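Participant: Residue-level listing of the chains:
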Amino acid sequence: MALPKLKADATEARLAPLSLPQGGAAWAEAARHDALNRVGAMGLPARRDEYWRYTNPADLLSPQAPRAALFVSDELPPFDAVDRLKVVFVDGVIDPAQSDDLTLAGLEITTLADALSQDAHWSREVFGQLEARGQKPVERAFAALNTAFAAEGVVIRAMGKAAKPVSLIYRRSTETADALMHHVIRVESGADLSVLENGPAAARLNTVMEVDVADGGAFHHVRTQGRDRERRAATHIFARVGEGATYKSFTLTVNGALTRNETVIEILGDDAVAHVAGACLGDGADFNHDDTVFITHDALRCESRQVFKKVLKNGATGIFQGKILVKPGAQKTDGYQISQSLLLDDDSQFLAKPELEIYADDVACSHGSTSGAIDETALFYLRSRGVPEKEAVDLLTLAFLAEAMDEIEDQALADDLRGRLVAWLRRRH
Amino acid sequence: MLTINNLHAELEEEGKQILKGVDLVVEPGKVHAIMGPNGSGKSTLSYILAGRDGYAVTEGSATLDGVDLLEMAPEERAAAGLFLAFQYPVEIPGVGNMTFLRTALNAQRKAQGQEELSAGDFLKFVREKAKTLKIDAEMLKRPVNVGFSGGEKKRNEILQMQVLEPKMCILDETDSGLDVDAMKLVAEGVNGLRDGKRSFLVITHYQRLLDHIQPDVVHIMANGRIIRTGGPELALEVENNGYADLLAEAN
Ligand SMILES: Nc1ncnc2c1ncn2[C@@H]1O[C@H](COP(=O)(O)OP(=O)(O)O)[C@@H](O)[C@H]1O
Ligand SMILES: [Mg+2]
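For the record, the sequence lines run as chains F and H. Numbering-wise (my numbering), the first sequence opens with residue 1 and increments by one. Numbering-wise (my numbering), the second sequence opens with residue 1 and increments by one.
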């Protein structure tokens, strides 16, 4: 079926300045071509597409990245105190000089370019494969574009319990950096890996992370999307979760002109667990933050949780599109989804599209979505005890975010991010 | 000294008049009780003193040691030494009781130019007080008032009062919903704070709390006014005869 002309033109315009990376093995070239064909067949998103009604993709479609002023932070970056293996990208390009040596017991780490240049590399089972699976039933054409064109990224295989997390640090040096990064991760049976992500990355960022968690494996992901105001980001995670495996991801977002975080999880093995959570602080009419999540249950007795909390003020927009799909036979599924916003003024808005689609009869799924203002009674109670209004609002804001923050399993990381939240809230007084 | 002068107030939205000229003076070190039928405006008076939104003072004044309360934000009133134990303590999910107490105390200390208490010192300070009120460590950890029984909520109010050491304590029906043992605990908590300088305004529907907290002065409030003022014997009169006679007399 031919694409509508507008969409075809927009897609062509976006692809024009891009070129396919060279130097890949035959399988990698094939995967990239397949991805390019997917982009051509789907076309890049337009405002009228069902899952783009709330977030305008224009800035993601423009051939050049919209300029974004560099942001100089006066605080230590997140995870600074954490013992971790650092992989540093500058403007979306890996920088070996700033990165640690890519060796750690229990892990195999290399660059995307290196993995894709090898004739036989395990990543061929994952690269572009999970992304392709995740295109149905909802198209995610920016992810396919990423698979086709991203030359940068890391490829990690966990074969045991890694002694420390792998920390992907995204630095930025120019106002126009337009970054495409593609990470491929496989957590082998019984292995355990944590991945951290932070940093401004680029003026415009498009990432894909494909995560294959084998039976009994555990994957933990904690990321922050930092304070720079003008950046635009479209991130995608495609995860496949095996029997008895665990997948847990948490994202803290503050500022940014546009953030679209897509998570697509397929639970394929029995007794698996998948949690996705996010906390976000949005301030200003130029803030648009979108969590789009799709979790498919295709096995017995699996548990999934989606916990998203957004604090919005001064005309900020928050979006949540979350789905739980329970396939026929996925009995004893325990699916939970909550998306809530705290609107600190009348100008801000929260748009939610929670969906449940269930084809098994013995399941427990719940979802809820709310938008509310600060609880005036609680605010008065706090103030009557001497807590100044702004501090009281902060306390209630942190309380509102707590359910999402509590999804961070590692206490040191959780404390780091809680401390950061407190500081960020305080600096707005 | 709390001085309320000819206080008139109405509900901001509906314009309904609730307080119709309240006069009241609570001297340092004294315990005053306000009794009165439901709906007479007792809670409204306490909320207006504490600075809750939604009321418009149309006439009169209220001062604490000569400082105009009505002009101040609620937190400023607290820092000036006013404390209201709520008739219905508020549940705050997600805010730990301990965090709440510490934030409140440190905010007040800061407002008064004092150093903040360290986490360790604070813990010790609170634990001692909590113990006498039979509030256990678990209750201190839980979110403010969430899942507390009626009695636990009221004891938690007294704990806050003890931690903040206000000079003017207003207790709005702190006895309602308490069994005899809990009432004794609460009364002991209040009596322990009597030091000859601190003042109390004890709002109650029943006389029984006043068996445990001896008032110096008893006021009867009805229909937005203080209609009678007397000694402790006035509370007994209410206990024996109800409000009907007093109300008839006032009309
Ligand atoms: N927020 C409110 N909205 C409507 N009516 C109110 C409100 N607050 C108080 N009232 C009314 O004001 C009167 C006094 O109430 P209140 O101060 O609670 O009395 P008391 O504490 O003596 O029982 C009652 O008639 C009550 O219904
Ligand atoms: Mg009342």
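I should point out that these hints are in silico values taken from the structure, not numbers from a laboratory. Computed from a predicted model, the values in this text were never measured in an experiment. Don't take each hint at face value.
Derived pair list, reagent style EDC-like, types lysine to aspartate or glutamate, alpha-carbon separation capped at 16 Å [unchecked claim]: (1) F/353 / F/50; (2) F/390 / H/188; (3) H/110 / F/389; (4) F/332 / F/243; (5) H/124 / H/136; (6) F/248 / F/271.
Selected chain F positions facing chain H (in silico; Cβ < 7 Å) [what the hints assert, rightly or not]: (7) 284; (8) 285; (9) 377; (10) 380; (11) 383; (12) 387; (13) 395.
Backbone N, C-alpha and C define an ideal beta-carbon position, used for all residues, glycine too.
Participant: With reference to the structure, classify each hint as holding or not holding.
Facilitator: Comparing the hints with the structure gives:
no.: 1; hint: F/353 / F/50; in the structure: holds, 11 Å
no.: 2; hint: F/390 / H/188; in the structure: violated, 35 Å
no.: 3; hint: H/110 / F/389; in the structure: holds, 14 Å
no.: 4; hint: F/332 / F/243; in the structure: holds, 14 Å
no.: 5; hint: H/124 / H/136; in the structure: holds, 13 Å
no.: 6; hint: F/248 / F/271; in the structure: holds, 15 Å
no.: 7; hint: 284; in the structure: violated, 25 Å
no.: 8; hint: 285; in the structure: violated, 27 Å
no.: 9; hint: 377; in the structure: holds, 5 Å
no.: 10; hint: 380; in the structure: holds, 5 Å
no.: 11; hint: 383; in the structure: holds, 4 Å
no.: 12; hint: 387; in the structure: holds, 5 Å
no.: 13; hint: 395; in the structure: holds, 6 Å
Hint compliance for this structure: hints 2, 7 and 8 are not met, and every other hint is.
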